[in-house]
Structures are given as C-alpha cells and as structure tokens.
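**Student:** Quick note, the sequences are listed as chains A and B, same order.
11 is the number of the first residue of the first sequence in this note's numbering; add one for each residue after it.
11 is the number of the first residue of the second sequence in this note's numbering; add one for each residue after it.
Among the clues, some could well be false.
Here are the computed distance ranges between Cβ atoms for each label pair [as the list claims (entries may be wrong)]:
id : chain 1 : residue 1 : chain 2 : residue 2 : range
1  : A       : H191      : B       : R79       : 48 to 56 Å
2  : A       : A116      : B       : D166      : 35 to 43 Å
3  : A       : A104      : B       : D166      : 35 to 43 Å
Hint data in this document are derived by calculation from the structure and do not stem from the laboratory.
C-beta atoms are modelled at their ideal positions from N, C-alpha and C, and glycine is treated no differently.
For reference, the chains in residue letters:
Protein chains: 2
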Amino acid sequence: MDVLQVNFVGSSDGEWNVTTIHTLCGETLAPVAAISRFVDSAPMLQLDDWMLRSFTSNLRYTTASEARRLAERQQGLGRPASAHAALIPIRKTADWWALPQDERRAIYEERSRHTSIGMDYLPRIARKLHHCRDLGEPFDFLTWFEFAPEDSAAFDELVGRLRETEEWDYIDREIDIRLVHAG
Amino acid sequence: MDVLQVNFVGSSDGEWNVTTIHTLCGETLAPVAAISRFVDSAPMLQLDDWMLRSFTSNLRYTTASEARRLAERQQGLGRPASAHAALIPIRKTADWWALPQDERRAIYEERSRHTSIGMDYLPRIARKLHHCRDLGEPFDFLTWFEFAPEDSAAFDELVGRLRETEEWDYIDREIDIRLVHAG
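Okay, chain A solo, but in the shape it has when bound:
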C-alpha cells in the first residue's frame, strides 16, 4: 500500500519496445518506439519524448473479501516469462467523478464486475494500477499489464470484456499500447 511515484516515459529506446498504439477514444498520444517505467525517479527528457506521471496508492473500491481472493491468486510484476506488456492510459468523464463513492462502487463492481473479470485472468495477466488525475495529468489512470506471449489472446479477451461494461460508458479517452520486453 506504499505510495510510489511512477513515471512512464515514451522515447526512441527503452525497457519495452512498442508494437502497437491503438487509440480507442479521445486524443491520441505521440508515437514513440519504446516505453520505460521510472519508480520514484525521472530521466532528462529528449526532444519528442513524453512523460506520464502517476502514483500507486491504497485500494479505492476493493472490499476485504475481494482483497483476500486477489492476494491468493495474483503474482507480481517482473516475472521472467512476462515478455509482453500493455500500458492503457484512460480518462473518465466529469460525470463519473461527480458521483459519490457508493454509486461509483456499484457501477465498478456490482454492475460492471471489474474486479471479478480481472480475477478470471489471474495469475496469468498481472496488473498494476497507477493514479494520475490528482496530479493534474491528462489521464486519470495508467494501468500496466504483464503477461507471457501465449496469454496475448487471453489479454485481448480481458480488455474486450471490460470495454463492454457500463463502467466504460464513463471513459472518454483510452489508448491501448502493446509492448514487448527489449531484454
């Protein structure tokens, strides 16, 4: 539950090579060849680089029983077999943020099954949520996923299911960036 400042930098080279950038809605991001993740640090930016700032934080919707089930199933980032990754920056609408906590929770889980859908793909698809709205950044969340190449179809299915939910009616900017480890 520690707060980490995590900066995602798009550049001409880096830790993860970009394979595709797919803009699902809203403005796109400038194309880059690679993305790197900087924890509690930031590099000097070169011309044409971009940086998205974010932080990890406490759980915002997860209940005690959900947290227990997640902890039983999930494995961390950085597994040697996880040669594929995805960075999905999203922004939610002003309507979403004006909702009180109980209504956001009801849309997020009781009606959209966000946690439950993600759990169907554990431990294969590792996921880490980063917050950025409170920093005044252009996105609200940067979600980072890691998985083995053979789980790419499962990952497509996971994001496809989420995008059909009521929660996604509140998303007005989404970019799906697929990556392969530069190892």
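Following the hints, put chain B in place on chain A, whose structure we already have.
**Tutor:** The following block gives chain B in isolation, referenced to the frame of chain A:
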C-alpha cells in the same frame, strides 16, 4: 469535484495570522507567524518558510444520501463573517492504509460518525479536505476550517468529538493550527 492543487505556505506574514500551534501527536511543524493558501500556484519560499502541498479530489467515503444532506446544509469557504480558521494536518498509520475500502468506510462513518459529526456543525463550521499522501508529503490530509469568532467553542467541541472516535486510533501525527484573518 475538480482537482485543484492547493499549497499551504507558512511564513513571516500572509493571509491568515497564526494564533496557536498545538501538536497533538507526532513531530511538530516549525513555528510561523502566518499561513497563506495558494491555489494552482506557489510562491518563491523565503528562508524559514515551509510549504505543504495538497490537492482537492473526488469524494472517497461519502454516499449519495450523505452528499445530498451535506449539499443542503453547507456553505462555501470565504464567507465575510468567517474571520477565524484552522489548518489541521494529519497523518494516518500504515495499518489504516492497508485496510480495504469497506473496512475504512466502516471505521470512518458507521463506527466513528465522521461525516455525521461534521454535519452537526453545518453551516457554521465550513470544511475543506485536501489530500497529500499520494504526493509523498509528510502528512496524509490537510483539513481547512473557517468559522465566525463566536463559533470557536463549537469548533473546539467538533474536533474534540472527532478525536474520541475509533478513527483517531489510526492517526499518528496531528497538528492543530488556529488562525485569524489578517485582512
């Protein structure tokens, strides 16, 4: 629900004159003569000034019915009669932040009645919550209160009731700074 970056600056002079600084638990703050609030901006700091960075954000625990009752009763900051203010920086324990959302909500409202207690003092005591844990700041929250001089005893009662709750068992740093408008 807009995110505003709000910086509280302690200095030798400013918008609000400090009358008392009372450290209830944890490390104190360096004494200053005045505090000013900077929204989406920050001044050049002088020697011995300090700055606490924070942001306003969406509601984290408030339900729809609570939000409706608050909206009916509350008035904004900056009322001409509100010549007194208080800035109360607090930090919560690692145990608090490790709790899932439903357990934090239960302690916050079902057991500690945080929102309900505050509502008893509306519209007299205006309150604005600022978040700072996610910025890596030394406090987790900066709460700002404004009230008329004749409501000072009511304000003492309000903070006294909150400090007796179960929620306050999770607070390990708290400083109560009382202010009078310099105007």
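**Student:** Hint by hint, which ones does this structure get wrong, listed from lowest number up?
**Tutor:** none
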